Amino acid sequence: MYMNVGLDTSAVVYGTGVSNYTLELMNGLRLKLGSSLKTFSFSRYPLMFMEYLWNGLHVFDVENLIGKIDIYHSSDWVQAPSKAKKVTTVHDLTPFLYPAEVDPLIVEVHTRRMKWVEKECDAVICVSQSTASDLKKLFKISDEKIHVIYEGLPTKFAIKPNQKINDKYIFAIGANQPRKNIIRLENVCKRLGMKLLTAGHQGNLGYVSDQELVNYLASTQTFVYPSVYEGFGLPILEAFYHGVPVACSNTSSLPEVAGQAAAYFDPLDEDDMAKAITNAIKNRNKLIGLGNKQLTKFSWDKCAQETLAVYKSIL
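Take the sequence shown: its position 180, counting from 1, is numbered 424 in the numbering used here, and each next residue is one higher.
Because the hints were derived from the structure by calculation, they are not lab data.
No experiment lies behind these values; they were computed from the predicted model shown.
From the three backbone atoms N, C-alpha and C, an ideal C-beta is built for every residue, glycine too.
There may be inaccurate statements among the hints.
Cross-link-like lysine to aspartate or glutamate pairs, in silico, EDC-like; alpha carbons within 20 Å at most [said to hold, decoys possible]:
1) K329 <-> E345
2) K412 <-> E388
3) K400 <-> D387
4) K439 <-> D320
5) K389 <-> D366
6) K329 <-> D366
7) K400 <-> E456
8) K384 <-> D320
9) K404 <-> E364
10) K389 <-> E364
Per label pair, the in silico range of CB-to-CB distance [unchecked claim]:
11) R435 <-> P348: 51 to 57 Å
12) D513 <-> V303: 17 to 23 Å
13) P348 <-> L275: 15 to 21 Å
14) K384 <-> N271: 31 to 37 Å
15) G487 <-> L301: 28 to 34 Å
Whole structure, please, built from the sequences with the hints as guidance.
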C-alpha cells in the first residue's frame, strides 16, 4: 500500500528520551517508506507561537508545510490540524499524573493538545501497556484506537565504553523530582555503605556526555532505577546492553521493560529497595544473562514495522 506520511520530527533537537524515539522512528520508517516519508520540524519557528496556532486556534493545516499526505504523525507537543488520517504517540502522562512536578505551562500545553487528540486522532500509539492503561483512565479514547508499540535501545547508547572506572558504586539516572525517588535511593545506599553516583539534573555527576554515561553505566556494580512512575524506561535497556545487573521499581511500565531480568522492589519501601540492590549484586551473572535475552524483545525495526501497520490499519 502506497502512502505519504508526514512525521513531525521537531523533538529530535532536544536530546531527550522523546528525541531518541523520534530520531530512531524516523530512520526506521525511512528505510521502509523511502521518499514517501515527509518529515518536518517547527523548531525553527517560535515554539509558543506554533503551540498557540495549532493547539489553541487549531488553524493552518500541516499540509501547508509539507504538501499532501495520507498520514500525519504528530509530536508530543503540538497537534496541528490536517486533512490526513492522524496518529500520535503518547510517551507518558506525567503532566496529568504528577502536575506538581511539571512546569504549569507544560501542563497547559499538554492539556490543550490532548483535547485535539481525543477529538481528532484516528490512532494513538503508547510506548507501554502501563501508559495505555493510564491514557484510558484519563481521556476519552476508545480501546480500538490505542496501540502499544515498544521502543528499542537508542543507537547513541549502543557504543562501547572507552574508559574503565575502577571504583565500586551504584549508578542511577534521574532528577531530584519526587517521582524519580532518588532521595530514597540515597538513604538506602548510605545504610548499605555503598557509594551512589547519579547522572542528570541535580545528580552528583550532573549532566554527562553519552560516552561518559556509557562509561559509568558499564562499570557499575548495579544499575538502580527507583522511579515511582515512568512511561517506558529506556535506561533499563541501556543497562542490559552493557551487561549490568538491574534493580528497579515494580511499578508503572518498568516490569514490562525489565521482564524477569531485574531485582524488583517497592519504590516506597527502603528496606525492600536495599534487599533488591543486594540481590542484584549477588545474582549479577544470572541477571546479566536474563538481561541479554530480554533486550532481544525490543528493536527499532520492530517499532517501525508495527507503526507502519498502524498507519495501514486506518487508511
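Here is how each hint holds up against the structure:
Restraint check for K329 and E345: the C-alpha separation of about 34 Å exceeds 20 Å, so the hint is violated. For the suggested pair K412 and E388, the alpha carbons sit about 49 Å apart, so the restraint of at most 20 Å is broken. Proximity of K400 to D387 is assessed by CA-CA distance (about 34 Å); at most 20 Å being required, the pair is judged violated. The suggested pairing of K439 with D320 is violated, with an alpha-carbon distance near 37 Å, which exceeds 20 Å.
About 6 Å separates the Cα atoms of K389 and D366, which keeps this hinted pair within 20 Å; it holds. As the CA atoms of K329 and D366 are separated by approximately 6 Å, the hinted pair is consistent with the 20 Å bound. For the suggested pair K400 and E456, the alpha carbons sit about 12 Å apart, so the restraint of at most 20 Å is met. This hinted pair checks out: K384 and D320 have alpha carbons roughly 18 Å apart, not beyond 20 Å.
With a C-alpha separation of about 44 Å, the suggested pairing of K404 with E364 is violated against the 20 Å cut-off. For the suggested pair K389 and E364, the alpha carbons sit about 11 Å apart, so the restraint of at most 20 Å is met. The supplied range of 51 to 57 Å is broken by R435 and P348, whose beta-carbon atoms lie about 36 Å from each other. In this structure, D513 and V303 break the distance hint of 17 to 23 Å, their C-beta atoms being roughly 51 Å apart.
About 40 Å separates the C-beta atoms of P348 and L275, a value inconsistent with the hinted range of 15 to 21 Å. Taking the beta carbon of each, K384 and N271 are about 34 Å apart, inside 31 to 37 Å as hinted. At roughly 51 Å, the beta carbons of G487 and L301 sit outside the given window of 28 to 34 Å.
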